[in-house]
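Peer 1: In case you want the letters, here they are:
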Amino acid sequence: MRKFFPVEELARDERFNKITMRDRMGDPRTALNVSNDAPAKRPTNLRLTPDRSDASDGARSLMHGIFVGEIQALEGAGRTCWDFETGTEAPFALKLDMARQCWDEARHVEISVKLSDWMGGEIGQYAENTVLFEAACSTDPVLRLAGVNRALEGLAIDVFTTMKEFGDLAGDPYLEFCEDWMLADEVTHVKMGSDWLRKITEHDPDRRKKALEFQSVVDKLFSYGGTRSESQESPIGLARRFRELAGFTDDEVDDIAQLSMQALNERKSAVAQARADQMRDAAAQFATSAAAE
Amino acid sequence: MTVSVTPATFSYVAFDAELIRSIAAGLLAALGMADHDVTIDVDETTPLARISCTIDESIHVHVDSGAFEDTRKPRQQSETATATALGRVLLRARDRLVGGFGEAPPDKELSLAQVAAWETYCIGRLQRFGVPVNQQRWRYNFRNRHGFSDATDAAFEQIWTSDGLTWDQLNAISESAAASAHA
Amino acid sequence: MADPYKPRAPFAPWDRRTLPGIFDVEESARRVGNYKWAEMKLFEALGGWVATVPELDVKMRLGTHCYKHAWHAELWHKRLPELREMNPERLTAPANDAMVRFVEAMTEPEAPEQTIEKLVGVYRVFIPRFIAAYTYHLNGTSEITDAPTVRSLKFILQDEFDDWRDGEMILQSLIETPEEASRAAAHMQQLEAIMIEAGGIAGVGTLGAS
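Residue numbers (full-length UniProt numbering), protein chains in the order written: chain A, 1 to 293; chain B, 1 to 183; chain C, 1 to 210.
Worth double-checking, as some hints may not be accurate.
As the list claims (entries may be wrong) - Straight-line Cα separation of at most 25 angstroms, DSS-like style, residue types lysine-lysine; simulated pairs:
| hint | chain 1 | residue 1 | chain 2 | residue 2 |
| --- | --- | --- | --- | --- |
| 1 | A | 199 | A | 209 |
| 2 | A | 114 | A | 18 |
| 3 | A | 209 | A | 220 |
| 4 | A | 199 | B | 108 |
| 5 | A | 3 | A | 18 |
| 6 | A | 18 | A | 210 |
| 7 | A | 210 | A | 3 |
| 8 | A | 268 | A | 220 |
| 9 | A | 210 | A | 199 |
| 10 | A | 114 | B | 73 |
| 11 | B | 73 | A | 18 |
| 12 | C | 78 | A | 191 |
| 13 | A | 199 | C | 78 |
| 14 | C | 78 | C | 6 |
| 15 | A | 210 | A | 220 |
If you're looking for bench data, these hints aren't it; they were derived computationally from the structure. These numbers were taken from a predicted model, which means no experiment stands behind them.
Modelling step: build the complete structure from the supplied sequences, incorporating the hints.
Peer 2: If you want it as structure tokens, here you go:
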């Protein structure tokens, strides 16, 4: 078995359909309100709460996202156990933490399968974006920790908090219960990442800087299209309290909040621009055909 | 019967207007609505999955592209999703047209619980027409709107297996389920 | 109540533990170092394979078992300094070169179609060897002087039996044709041959015979 496994080769059974971030970015559609839309046409509040008219479908879709995310987190933690030589490349204790994370993520996959079933979802019902595993492909274990444990698991904290609140408001006894348990694990994983990042880069400020920059890139990627931000236009909120418990400083959470808003606004501008271009092209085409007639 | 679909060609998604038209025509025939004209307006700029309809001399369906989408393959059309989405909205239209639903509020004034009850009623019948559906999906939707209780599940079963309900009967089951769940 | 000042035997009649064991401190430490090395190699391989197997149930089992073997490695890592080895890394070593070759051969399969080979290596060869080595150690060591090792062995053996049963049941559900049975047997034979050369997890003498 080789070291460093390519994301394209992640093994799945025939129920799954993997897509990449590039595929997702190639989808010109958006649920967001952009400048050319009539205000009444689009909902302005997209936060996933039970009072959304499509709440059940939204929750089911997000649950499937959690399910495949947990698979990729499991695979990422597993690869960290394998990809780095103990001692020379990664401390023994770090690898033990990653093995522990494997078990936790395997349990989360089990929980997600059961919850999906409970919510009327099916394995492979939605496309699987493999962006999470991509964050786990760095050849530097510190960058990998920053990408996986701080960015990916940080996103998991936000997602689980949103789902836990959803379950609580809807009175769903299973959802709230399970998300609460998974949230506890994720806080532990983020803390693990924060602790190791500080420890390993204690005397290497350049490496720490690089790792934090990488985390920023991954955080922005995970906020793509405004999926996660403090705006009500984002389905997933930013869970400040649980992030603090996990070892994020106030400044770090503020930075992620800012990045997420930036991602949301960039997406809105990009869509508005694309729509304007399309209208201009359509007008030009109409003018050409009218002239020809 | 005429069925028209806009846009005729799609640029944001790889949907086939003719396929949508033929699925709608097939459903209209199966539901005994062959004497009605239908327009289907797809908003392909949003991935949301909302669907609604208005009725005058024709039935006008307004749908977000997500409702017809194959969720496994983004931007591709799913025949099953198209049939399920169209079927449930056409059945609701039929209920309003054939009588017994005169007391039902306009779509925009329906509560979330009423929508869920009516959708359950539509999807249960749609399944008996042979459209493949995941019952648990709709049970979960019904529970979300009526509470998670045995009474809710019993109400769901009653609506799911029913034919020929009136609005008053449907609404009474829904209200009773919600009341017992929150008691 | 019995008189609390009346002398009682230090060992109750049902406590049949005896003092002597067949390992001295040095030999016990050597074995524990071999165990730790082998458990490390196992948890690393299980973690690495998670991404390579398409079967969802196998993926989840490998993730779960990965941690168990990491925990075993941690228990042995903590035991080493208690056995006078203040530098645990020094004794964290394979029993011999054949054991290194065994791990290389066991971890060689990567393709998604090779789940049977992956599981055969772990559950039909490696883990049964762990069970044998640990059982021998448990039965041979002093239950009094080496009680901390005994305690760890009991916990670990429970895991090994559970994991072996999980893995064997998954294998039985995956092997559906005579051809697949032959594949499993051929791979097992290939790995067993190297393991025989290695002599077991702790090398020649793992089970006492020299």
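Peer 1: Give me the numbers of the hints this structure contradicts, sorted from smallest to largest.
Peer 2: Per hint list: 4, 6 and 14 violated.
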